[in-house]
Amino acid sequence: MIAFDGVTKKFPDGTVAVDSLSLEAPSGKITVLVGPSGCGKTTSLRMINRMIRPTSGTITLDGKDTGRMKESELRRGIGYVIQHAGLFPHRTVLDNVSTVPRLLGMDKTETRKRSMELLERVGLDPAFAKRYPAQLSGGQQQRVGVARALAADPPVMLMDEPFSAVDPVVREQLQDQFLRLQGDLGKTIIFVTHDIDEAIKLGDQVTVLKVGGHLAQMAAPAYLLAHPVDDFVADFVGRDRGYRALSFQATPRLPLAAERTIAMGESAEGVDADWVLVVDDQNHPLGWVEPLRARGAIRTEMLHRGGTVARASGPLRGALDSALSSPSRRGVIVDDSGSLVGTVKAHEVLTAIEQADRPELADPRKPGAPAA
Amino acid sequence: MTWFFDHLDDVLSRGLQHAYLAGVPLVIGLLIALPLGWLARRYKFLYAPFTAGFGLLYTIPSLALFVILPGFLGIPILDPVNVLVAMTIYTVALLVRTVADGLGAVPDHVQQAATAMGYTRVKRFFAIELPLAVPVISAGMRVAAVSNVSIVSVGTILGINQLGLFFSDGFNRDFYDPLFVGIAACIVLALLFDAVIIVLTRLFTPWLRATGGRA
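Line by line, the protein sequences are chains H and C. Per full-length UniProt numbering, residue 1 is the first one in the first sequence, and the count goes up by one each step. Per full-length UniProt numbering, residue 1 is the first one in the second sequence, and the count goes up by one each step.
Each hint should be verified, as a subset may be incorrect.
Subject to a maximum C-alpha distance of 30 Å in a straight line, what follows is the list of computed DSS-like cross-link-like pairs (lysine-lysine) [said to hold, decoys possible]:
#1 Lys123(C) <-> Lys70(H)
#2 Lys44(C) <-> Lys70(H)
#3 Lys130(H) <-> Lys187(H)
#4 Lys10(H) <-> Lys29(H)
#5 Lys123(C) <-> Lys44(C)
#6 Lys210(H) <-> Lys187(H)
#7 Lys29(H) <-> Lys187(H)
#8 Lys123(C) <-> Lys108(H)
#9 Lys123(C) <-> Lys187(H)
#10 Lys210(H) <-> Lys10(H)
#11 Lys64(H) <-> Lys123(C)
#12 Lys201(H) <-> Lys345(H)
#13 Lys187(H) <-> Lys70(H)
#14 Lys123(C) <-> Lys130(H)
#15 Lys108(H) <-> Lys201(H)
#16 Lys187(H) <-> Lys108(H)
#17 Lys113(H) <-> Lys345(H)
#18 Lys29(H) <-> Lys113(H)
#19 Lys201(H) <-> Lys187(H)
#20 Lys113(H) <-> Lys123(C)
#21 Lys29(H) <-> Lys210(H)
#22 Lys10(H) <-> Lys44(C)
#23 Lys10(H) <-> Lys64(H)
#24 Lys130(H) <-> Lys108(H)
In case anyone wonders, no lab produced these hints; they're calculated from the structure.
Extracted from the complex, chain H is given alone in its bound form (with noise of 0.2 Å):
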């Protein structure tokens, strides 16, 4: 557990950065600070590693003032990850993984197979290995970052803005596969970001800081979006957060309804409905297309894919959009292996809804209290 008790960052010019905060990092989880720029988010993080050297306060990992540690042996026990990977350029990708254990006098065929290991557990190729960081993408820098920050199997990481400079589509993957990783390992993390999308989707915890480095809120995410503690909070989880709260909601038994289909290369000709889907050999989703405009046998590039795809198993959230962002209104559901189960409506998704319990409103004076 990493604990802030009344830390305070005064820079010399008189800034007050943050101001007597007070908060607890569960170990194994991950605690989110997010705040608008200037809210001391960024300072808080380096003054865990002592980057940043709080002006009054402690810190403690584990029970253990990190002002008493020796800052380099310090650092060399918490994975760092910032938003432009901050790659050693001169360095290969093997020898940037490779880093903190060499720090360390790690055995050096040991570290080398371990991260091997650990490129390929990020997602990297290991043809990647032997290339400088100037020779890959944003995205695959990103991967090296995340991977030299694990190398030593540090218990705790602090991660500074580490998806924000990538394009949204690589951010989400970014993040889709930290959350996996993140299940596997369950290390001790704090995680920067202004973004409060991203800070409701990774963190177990989430800390909204004010300008001035004072902290506003702290709480499980669907609390947050339930329970703002004020407006400065209610304003910055934002306008549509009834809507985001239905991602941590599990979706219940939907009435679904059964969907006429026809499989690729087939002719939608005479069909006797508005719209019809089409679906693979594994009765995989694909597409809409309508009977009366499909001339022929279907071919991919007169699908309709605007509509998303639920799961069955996922969050309302899935559902929902899944209805309304379909073309024939029917949101198309699937199971855990992508095949089709059936369609719904929005008013359907609604109904089950209004009668979903909400168990983050229960106690309201229990901050953290988990949601569904």
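Once you have looked at the hints, place chain C on chain H.
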């Protein structure tokens, strides 16, 4: 040309001496400029006085330096150490700013990452900052090398053995063959120094070749 072949031994021995007087200070000067440049970068208030102050040393006329130094050092004016020290001063004058700027060109996020990985200040300098500053320092070394080759020939006036003696030979006898040979030898020497620095730089910067200069 016949003059050149007749005096090949002279050209070679003076050339070697010239290379020694210009080259050794290049190495010593770099070793002195590295910590000075690092200090200028480490402590912001030192940057301006260090870069400007050491840079000014370059404006001391070489002849004056050759004459003054023996007094300070307690050595005879013809002692090659006199020239070595003077050339070292010029090298430091050119390299302090180069080293400071080269170290400063290491991207901020790379520096931060190195610190966060747990590099001590000294290790970080040798493992991260210095290797990344090599291209900039190398450019400064090439300037200093050419400058040293050129300034060493001023030692002619003191009668110090080096290629410049061909200039006085030619001038005094109104016979231009040695003059041209001396100039050509100086140019060849400067080019050799340049080539050595380029080769060393390539050896120390494999990543620049792999990435076509991006880094």
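We went through each hint and held it up to the structure:
1. Lys123(C) <-> Lys70(H): 15 Å, holds
2. Lys44(C) <-> Lys70(H): 25 Å, holds
3. Lys130(H) <-> Lys187(H): 28 Å, holds
4. Lys10(H) <-> Lys29(H): Distance of about 29 Å is within 30 Å: holds.
5. Lys123(C) <-> Lys44(C): 21 Å, holds
6. Lys210(H) <-> Lys187(H): 27 Å, holds
7. Lys29(H) <-> Lys187(H): 7 Å, holds
8. Lys123(C) <-> Lys108(H): 18 Å, holds
9. Lys123(C) <-> Lys187(H): Cα-Cα ~28 Å, so holds.
10. Lys210(H) <-> Lys10(H): Holds, at about 16 Å.
11. Lys64(H) <-> Lys123(C): 26 Å, holds
12. Lys201(H) <-> Lys345(H): Given that 30 Å is the threshold and the Cα spacing comes to 26 Å, the pair holds.
13. Lys187(H) <-> Lys70(H): 22 Å, holds
14. Lys123(C) <-> Lys130(H): 23 Å, holds
15. Lys108(H) <-> Lys201(H): 38 Å, violated
16. Lys187(H) <-> Lys108(H): 25 Å, holds
17. Lys113(H) <-> Lys345(H): 52 Å, violated
18. Lys29(H) <-> Lys113(H): 28 Å, holds
19. Lys201(H) <-> Lys187(H): 17 Å, holds
20. Lys113(H) <-> Lys123(C): 24 Å, holds
21. Lys29(H) <-> Lys210(H): 23 Å, holds
22. Lys10(H) <-> Lys44(C): This hinted pair holds, its Cα atoms lying about 21 Å apart.
23. Lys10(H) <-> Lys64(H): It holds: about 23 Å lies between the C-alpha atoms, which stays within 30 Å.
24. Lys130(H) <-> Lys108(H): 16 Å, holds
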